[in-house]
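Asker: Turn these sequences into a full structure, and let the hints guide you.
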Amino acid sequence: MRRFDPWVGTKYRYEGFNGLKVLILGESHYGDAGTETAELTSEVVKEWGQEKRSRFFTVTQKLIQGTASGERVLAQDRKEFWEQVAFYNYIQEFVGAGPRQRPAQEMWERSAAAFNDTLGELEPNVLVVLGYELQSNLPKVPLDLVVCNVKHPSAGGFRYSDWQQAIQAALRIAMGKTPNKVL
Numbered sequence: 489m490r491r492f493d494p495w496v497g498t499k500y501r502y503e504g505f506n507g508l509k510v511l512i513l514g515e516s517h518y519g520d521a522g523t524e525t526a527e528l529t530s531e532v533v534k535e536w537g538q539e540k541r542s543r544f545f546t547v548t549q550k551l552i553q554g555t556a557s558g559e560r561v562l563a564q565d566r567k568e569f570w571e572q573v574a575f576y577n578y579i580q581e582f583v584g585a586g587p588r589q590r591p592a593q594e595m596w597e598r599s600a601a602a603f604n605d606t607l608g609e610l611e612p613n614v615l616v617v618l619g620y621e622l623q624s625n626l627p628k629v630p631l632d633l634v635v636c637n638v639k640h641p642s643a644g645g646f647r648y649s650d651w652q653q654a655i656q657a658a659l660r661i662a663m664g665k666t667p668n669k670v671l
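Residues 489 to 671 in our numbering are what the sequence shown spells out, letter by letter.
For the record, the hints were derived by calculation from the structure and aren't laboratory data. C-beta: ideal position from N, C-alpha, C; glycine also. A few of these clues could be false.
[Claimed, not checked] Computed Cβ-Cβ distance ranges for the label pairs, DEER-style:
1. Glu611 with Arg660: 18 to 26 Å
2. Gly522 with Met663: 42 to 50 Å
3. Thr525 with Gln564: 25 to 33 Å
Answerer: Encoded structure:
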């Protein structure tokens with residue numbers, strides 16, 4: 489059962505990002521038990537991705553856009569980018585009250601059906617998976633979906649240069665410029 493609906497930007501379905509439907513897959517939300525709402529993901533993306541500055545959302549945007557690490561992202565660019573993409577957190581329950589808490593194995597298992605339903609609804613061309621543990625716990629995805637797994641942007645030692653090329657390659661694959669494969 490899906491408890492947290494995905495953020496779907498207003499341009500995701502018809503314009504997308506460079507003509508592609510890009511689904512960014514995060515791991516989880518945290519918060520106080522009993523405060524979960526279906527709109528939470530959209531509220532978080534709107535507040536922290538579009539209206540305020542958040543390292544996680546800025547790094548994620550720069551990764552996908554191929555923006556240099558030292559280059560500033562303007563407020564209008566933040567708003568525009570998040571309208572072009574979709575964002576979904578895989579785990580469908582709070583993992584704890586604060587950050588840096590890990591999902592239990594049962595949480596991964598309980599979230600698989602909701603993830604598959606979301607893939608079916610959004611029909612992305614590219615799935616950007618944020619984190620190694622998330623990638624290792626994903627169910628099988630459609631063969632025609634280009635998947636790019638990157639180190640989580642909040643992880644220690646994260647460097648843009650390590651991951652921007654992989655994401656740009658995934659976008660080129662999805663545009664049909666190179667043979668299809670999972671990166």
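Asker: Tell me the hint numbers this structure goes against, listed in increasing order.
Answerer: none
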